[in-house]
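Asks: Keeping their order, the protein sequence lines are chains A and B.
The letter at position 52 of the first sequence is residue 51 when you use numbering that gives the first Met the number 0, and the numbering goes up by one with no holes.
The letter at position 86 of the second sequence is residue 85 when you use numbering that gives the first Met the number 0, and the numbering goes up by one with no holes.
Treat the hints as calculated values from the structure; they're not laboratory data.
The model shown is predicted, which means the values in this text are computed figures rather than measured ones.
Idealized CB from N, CA, C, for every residue including glycine.
Any given hint could be a false lead.
These stretches of chain B come out as covered by chain A in the derived footprint (C-beta under 8 Å, 3 or more residues) [unchecked claim]: (1) 112-125; (2) 187-199; (3) 227-238; (4) 260-269; (5) 278-291.
2 protein chains.
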Amino acid sequence: MPNKVHAPKISCEEALCAFISSQESSSIHEINASVIDLLFLVGLGLYLDLIPLRSLVALARCDKIIIDAYTSGPKYVVEELLKILKSTGKDVVLAQRFMLEGEGIESIVWESQDKDVCVAVVGDPMIATTHNALAVEAAASGIRAVVVPAPSIQCCAIGALGLLSYKMGKSVTVVSPKNGVVYEYPYEVIKSNLERGLHTLLLLEMDLERGYIMTPCEALKILFSIEQKRNEGVLEEQTRVVILSSIGTPSHRVCVRTLGELLQKCDNCGDPPYSIVILSKKLHPLEEEALKYAERGLLNMVPIEGSREVLEQVANILFR
Amino acid sequence: MPNKVHAPKISCEEALCAFISSQESSSIHEINASVIDLLFLVGLGLYLDLIPLRSLVALARCDKIIIDAYTSGPKYVVEELLKILKSTGKDVVLAQRFMLEGEGIESIVWESQDKDVCVAVVGDPMIATTHNALAVEAAASGIRAVVVPAPSIQCCAIGALGLLSYKMGKSVTVVSPKNGVVYEYPYEVIKSNLERGLHTLLLLEMDLERGYIMTPCEALKILFSIEQKRNEGVLEEQTRVVILSSIGTPSHRVCVRTLGELLQKCDNCGDPPYSIVILSKKLHPLEEEALKYAERGLLNMVPIEGSREVLEQVANILFR
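This is chain A alone, in the form it adopts within the complex (with noise of 0.2 Å):
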């Protein structure tokens, strides 16, 4: 890959008139490095081999890479990115959430000044973990930042169980209780999305840095004591609630249970990383079928043979 040429060094606002008029006189835009600096947001997908091919040339590009390894599973990704990228000789740095939270973020838009940076996310960047703030904080510098998107939990989970997508609600994540207090908005999503026949894609609170990974059980055991509280009605024991794991990986399973049958006796369904769907009372005949497809394996998301392999051909072309 070429390097990059470093344009002369101007204002913010110098370079973003620039930018703006450049634009106006053309609508193709396609990225050229010598116009301004730039910050890459990289997904990588949830695993290895679905990473998109413009998330390796924006890795393959970038003088520093700076992987977000505290909300996601790194056994999964991480790490084996991590080892073909060392490989190369690249600049990674596994990110802690203080680097990329706060003055974190003051950090790397500077660091974006004089270098390509890249933060590498698996997944999508900016839906299974937002960083809106540090493309909003590059941006008000005046350092374009491009987004890279990559499959995430939210399209996958529709996709491996089946669903139709026009059937599902907002989704949430479920957080374990802080100081004893039980954050029950969760509960209050599945509710309006199921008065409006819809399904609710729960994320489930993941803390690698504490190493700590909510599990399906526990999420559970969480929206069922807010039932009992508050007695709504909104989780039964016939509830259908289809219990994801490891999606799009070599470990990829589904089980889909009634929320009677988990109560009395949990089952995790597979390895981490987690996700639940809670289904709305009333399925499409297709979405049903699907399902039951879905939990024997028949209809999957699983990687092809030999996929491992070609992920390191390619990043010998990229990076040597």
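Model the placement of chain B on the given structure of chain A, informed by the hints.
Replies: Here is chain B on its own, set in the frame of chain A:
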């Protein structure tokens, strides 16, 4: 890539039982071609270089590739990909609608019993276009439907605008009046989302077989005509609308306007494919900032120089 070694033909039920028991004995079930026949539903992403590696591996492995050419913009992805695939001597078919619906499904499933078949779709195969019926029909015949996810407009719209994913409501497609009857459902979805403080992603009807692509101006006129009829105050002069055009491609553009401005002097903002986001009345301050930069191109999702060449290099490794 190694050619598929066909297992001796067994009945669908036998295959299903064999698969289920093989799955029970091992949680790792990376796809092994010799176990069972496969139908791949492969996402291509929104632009050539947004294709995940796994999709390329699937395309390379399949004997027959059927490209869904009637629901998405061929000039953006399909035509170029077709060129690359054809140059490798693959059996590639551009599918018309009838080939992927009704009896067409049976014929694809039948073909999958003899060889590995890919149905390739711009965006994500189960989201932007839902191919649930195809997956279910294959699974019902004991053929494993393997979904390969890819970036779809559903996720890319959020990322391209810097919106927060938990502020996104249910999405819906706007279709043109049929036999003079206006389909009012999108209006109801917008209303319900606005009541809950959520944004609405509108997909616009596209039928490339009859060369029809609904423009944002057309869609907004349809929606406003419903407002005038029902007069429920859902769409007002000051309602803020984002028009997205060619997201993820070199012509990527984002325009933020009020409905009043667009009704006075409509601007489609750029080239198809189009989509629209109806913003909730109250935006998070980060969303407000991000939108401003997205419109100026300082937050964007355009391809990186050299991506096209990388795709060709990778295809060369995989397909030859």
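Asks: Work down the list of hints and note, for each, if the structure agrees.
Replies: Going through the hints against the structure:
1. 112-125: It holds, with 3 qualifying residues against the three required.
2. 187-199: holds (count 3)
3. 227-238: This one is violated; 0 residues, fewer than the three required, reach chain A with a Cβ under 8 Å.
4. 260-269: violated (count 1)
5. 278-291: Per the Cβ count (4), the hint holds.
Violated hints, listed in ascending order, are 3, 4; each of the other numbered hints is respected by the structure.
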